[in-house]
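The listed protein sequences correspond, in order, to chains A and B. Note that my numbering has the first sequence beginning at 1, numbered continuously upward. Note that my numbering has the second sequence beginning at 330, numbered continuously upward.
It is worth saying that the hints were derived from the structure and are not from the lab. Heads up, some of the hints might be wrong.
As the list claims (entries may be wrong) - Beta-carbon label-pair distances, calculated as ranges:
id: 1; chain 1: B; residue 1: Leu472; chain 2: A; residue 2: His135; range: 30 to 38 angstroms
id: 2; chain 1: B; residue 1: Leu511; chain 2: A; residue 2: Arg191; range: 48 to 56 angstroms
id: 3; chain 1: B; residue 1: Pro468; chain 2: A; residue 2: Lys150; range: 41 to 49 angstroms
id: 4; chain 1: A; residue 1: Thr32; chain 2: B; residue 2: Trp533; range: 33 to 41 angstroms
id: 5; chain 1: B; residue 1: Trp581; chain 2: A; residue 2: Phe113; range: 27 to 35 angstroms
id: 6; chain 1: B; residue 1: Thr424; chain 2: A; residue 2: Glu147; range: 41 to 49 angstroms
id: 7; chain 1: A; residue 1: Ile91; chain 2: B; residue 2: Leu359; range: 40 to 48 angstroms
id: 8; chain 1: B; residue 1: Val482; chain 2: A; residue 2: Ser79; range: 35 to 43 angstroms
id: 9; chain 1: B; residue 1: Leu472; chain 2: A; residue 2: Thr134; range: 30 to 38 angstroms
Ideal Cβ placement from N, Cα and C applies to all residues, glycine included.
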Amino acid sequence: MTYANTAEVRAASAPARAGADARPVIAIAGLTKTYASGFPALKKIDLEIRKGEIFALLGPNGAGKTTLISIVCGIVTPSGGTVLVDGHDIIRDYRAARAKIGLVPQELTTDMFETVWATVNFSRRLFGRSPDPTHIERVLRGLSLWEKRKNKIMTLSGGMKRRVLIAKALAHEPEILFLDEPTAGVDVELRRDMWALVRELRAKGVTIILTTHYIDEAEEMADRIGVVHKGELIVVEEKTKLMKQLGKKQLTFHLQEPLASVPPELSGWRLVLKDGGRELEYTFNGSEEETGIPELVRRVGELGIGFKDLETRQSSLEDIFVSLVSDRR
Amino acid sequence: MNSVAKHCIFNGHAIAAIYKFEMARALRTLLQSVVTPVITTSLYFVVFGAAIGPRMSQVGGVQYGAFIVPGLMMLSLLTQSIMNASFGIYFPKFTGTIYEILSAPVSSVEIVIGYVGAAATKSIVLGLVILATAALFVPIQILHPFWMIAFLVLTAAAFSLFGFIIGLWADGFEKLQFIPMLIITPLTFLGGAFYSIDILPPPWRAVSLFNPIVYLISGFRWSFHETSDVSVEISLAMTLVFFFLCLGVVAWIFKTGYRLKN
Numbered sequence: 001m002t003y004a005n006t007a008e009v010r011a012a013s014a015p016a017r018a019g020a021d022a023r024p025v026i027a028i029a030g031l032t033k034t035y036a037s038g039f040p041a042l043k044k045i046d047l048e049i050r051k052g053e054i055f056a057l058l059g060p061n062g063a064g065k066t067t068l069i070s071i072v073c074g075i076v077t078p079s080g081g082t083v084l085v086d087g088h089d090i091i092r093d094y095r096a097a098r099a100k101i102g103l104v105p106q107e108l109t110t111d112m113f114e115t116v117w118a119t120v121n122f123s124r125r126l127f128g129r130s131p132d133p134t135h136i137e138r139v140l141r142g143l144s145l146w147e148k149r150k151n152k153i154m155t156l157s158g159g160m161k162r163r164v165l166i167a168k169a170l171a172h173e174p175e176i177l178f179l180d181e182p183t184a185g186v187d188v189e190l191r192r193d194m195w196a197l198v199r200e201l202r203a204k205g206v207t208i209i210l211t212t213h214y215i216d217e218a219e220e221m222a223d224r225i226g227v228v229h230k231g232e233l234i235v236v237e238e239k240t241k242l243m244k245q246l247g248k249k250q251l252t253f254h255l256q257e258p259l260a261s262v263p264p265e266l267s268g269w270r271l272v273l274k275d276g277g278r279e280l281e282y283t284f285n286g287s288e289e290e291t292g293i294p295e296l297v298r299r300v301g302e303l304g305i306g307f308k309d310l311e312t313r314q315s316s317l318e319d320i321f322v323s324l325v326s327d328r329r
Numbered sequence: 330m331n332s333v334a335k336h337c338i339f340n341g342h343a344i345a346a347i348y349k350f351e352m353a354r355a356l357r358t359l360l361q362s363v364v365t366p367v368i369t370t371s372l373y374f375v376v377f378g379a380a381i382g383p384r385m386s387q388v389g390g391v392q393y394g395a396f397i398v399p400g401l402m403m404l405s406l407l408t409q410s411i412m413n414a415s416f417g418i419y420f421p422k423f424t425g426t427i428y429e430i431l432s433a434p435v436s437s438v439e440i441v442i443g444y445v446g447a448a449a450t451k452s453i454v455l456g457l458v459i460l461a462t463a464a465l466f467v468p469i470q471i472l473h474p475f476w477m478i479a480f481l482v483l484t485a486a487a488f489s490l491f492g493f494i495i496g497l498w499a500d501g502f503e504k505l506q507f508i509p510m511l512i513i514t515p516l517t518f519l520g521g522a523f524y525s526i527d528i529l530p531p532p533w534r535a536v537s538l539f540n541p542i543v544y545l546i547s548g549f550r551w552s553f554h555e556t557s558d559v560s561v562e563i564s565l566a567m568t569l570v571f572f573f574l575c576l577g578v579v580a581w582i583f584k585t586g587y588r589l590k591n
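Just need the whole structure built from these sequences, with the hints factored in.
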């Protein structure tokens, strides 16, 4: 899938990366939302999104991710706080703010009887842009929808409908793209295509904010990560820093003979026995300078504990996410 | 970015897009939209014109078949304006596609112009189709064509606005049917669509004057035959009052986000 030709992307990617500077393209301050039922969906959110970055919002179901996105896009009215999109207030100056944003919603909400071509052109004009068949053709070709342009949307598969929603969001050439659970329930091929598209859009300077349940995707794609939990933003960090700060590493000795208990000589290390004493597992912080590994290996050897293999494992973003959220239960 | 700067004031593209979308919806169901009123009108003329009409005396100096034409047009105009506009805005709410309208750089006035404009256009065309069908059965005279068009457009716009309100308010398909079927249709039948309220006994005539539809039909009929149950100025004033009342309610809905936004 090519959203733009490769040369164009390559040419655009250098300045775009440089553009991922500290200037916020979205500035959210003190944002709160309490629904009519009294449910506090968001509690004082402060967040700045940088121009040109890929920002992943993680959080369990019902954490407030979609509410946050919906407020920025104008679908939900905030209870308090301000949101500026490229300097434009989303309420006072909503036209300028919304014109910059494209939204791909979580649900597959499309018109059933319209053709692909008609619905994507509709989106462009709804966002105040003059008809531009060339741009629409480029978007449809990029999403492998060109052959289906005359089809009614109701005849398309779920994956194709998802592509239509993305095409609609890109029809008015937005500078900021919100993807709310873009890969929920889509097949492997579309997921791969989708991430290729996200990379290409980023290379063109588009800021991308996404929510996902597939944390491995956020780990692979995002520049920065925000974790929302019970209406609060509990962490906002560069992905690499987050992984380093909160990531744990594990060293596992696969023993030749099972041990009944951890020998007292090794009590200086955080060790646990697993798999009926056949595995000795050492957990340490990835950011620590001194891991104590060389000393541990030497002591294990001195004690005559034989091992046939050594294995190290670094905790994934998913592990970090689960521990962050479960700490606050 | 010129276009962005331009639509900071007025998003004409969005109005055109919504209008075109709604008109395309009507074209897809052209058969129901046109054939149904033609058949219904023909049936009314078979029953009231051919079967009963010859036994009726003239009403206000007008042949009965010709007398009922404005009432028949109003009957369809009112119900269809409501149905068109209410369905137009209810369906995106039902399917969820409303998200796109709400997230677009488009003002509530532009949304209303798009949806209500399309619904009114459809019912005006429908009214004219009924008129053309009626012309096949009875000779048509329109003494005040300007006022005929004015009443047609104003009533279509007012009831499309009313339908838009119903579409925003409704949270189920049955509610869309409720007001046109259970309130508007009976009020139209009792509002002198097929008779002059002058022929009613005085108490019922007095009761009829509380029916707002009486004024709409009366004014519209005046533009055809120069006969009316109430003065044409009052008819015009009542139509305008209803139009602005609906406009006020729509403005309030968009201001508060009632049934539109959480």
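>> Given a hint of 30 to 38 angstroms, does the C-beta separation of B:Leu472 and A:His135 actually sit inside it?
In response: For A:His135 against B:Leu472, whose Cβ atoms are near 53 angstroms apart, the range 30 to 38 angstroms is violated.
> Per the hint of 40 to 48 angstroms, is the separation of the Cβ atoms of A:Ile91 and B:Leu359 within bounds?
Replying inline: holds (41 angstroms)
>> Quick check: does the Cβ-Cβ distance between B:Val482 and A:Ser79 fall within 35 to 43 angstroms?
In response: At 42 angstroms between Cβs, range holds.
> Are A:Thr32 and B:Trp533 spaced within 33 to 41 angstroms by their CB atoms?
Replying inline: 58 angstroms Cβ-Cβ, so the 33 to 41 angstroms window is violated.
> Does the Cβ pair B:Leu472, A:Thr134 satisfy 30 to 38 angstroms?
Replying inline: The hinted range 30 to 38 angstroms is violated for B:Leu472 and A:Thr134, with Cβ atoms some 54 angstroms apart.
>> Is 48 to 56 angstroms respected by the C-beta to C-beta distance linking B:Leu511 and A:Arg191?
In response: holds (50 angstroms)
>> The hint says 41 to 49 angstroms between B:Pro468 and A:Lys150; measuring C-beta to C-beta, is that right?
In response: holds (47 angstroms)
> Honestly, do B:Trp581 and A:Phe113 meet the 27 to 35 angstroms range at C-beta?
Replying inline: At 32 angstroms between Cβs, range holds.
> Does 41 to 49 angstroms hold as the CB distance between B:Thr424 and A:Glu147, or does it fail?
Replying inline: With Cβ atoms ~25 angstroms apart, the hint is violated.
Consistency note: the structure conflicts with the earlier hints numbered 1, 4, 6, 9.
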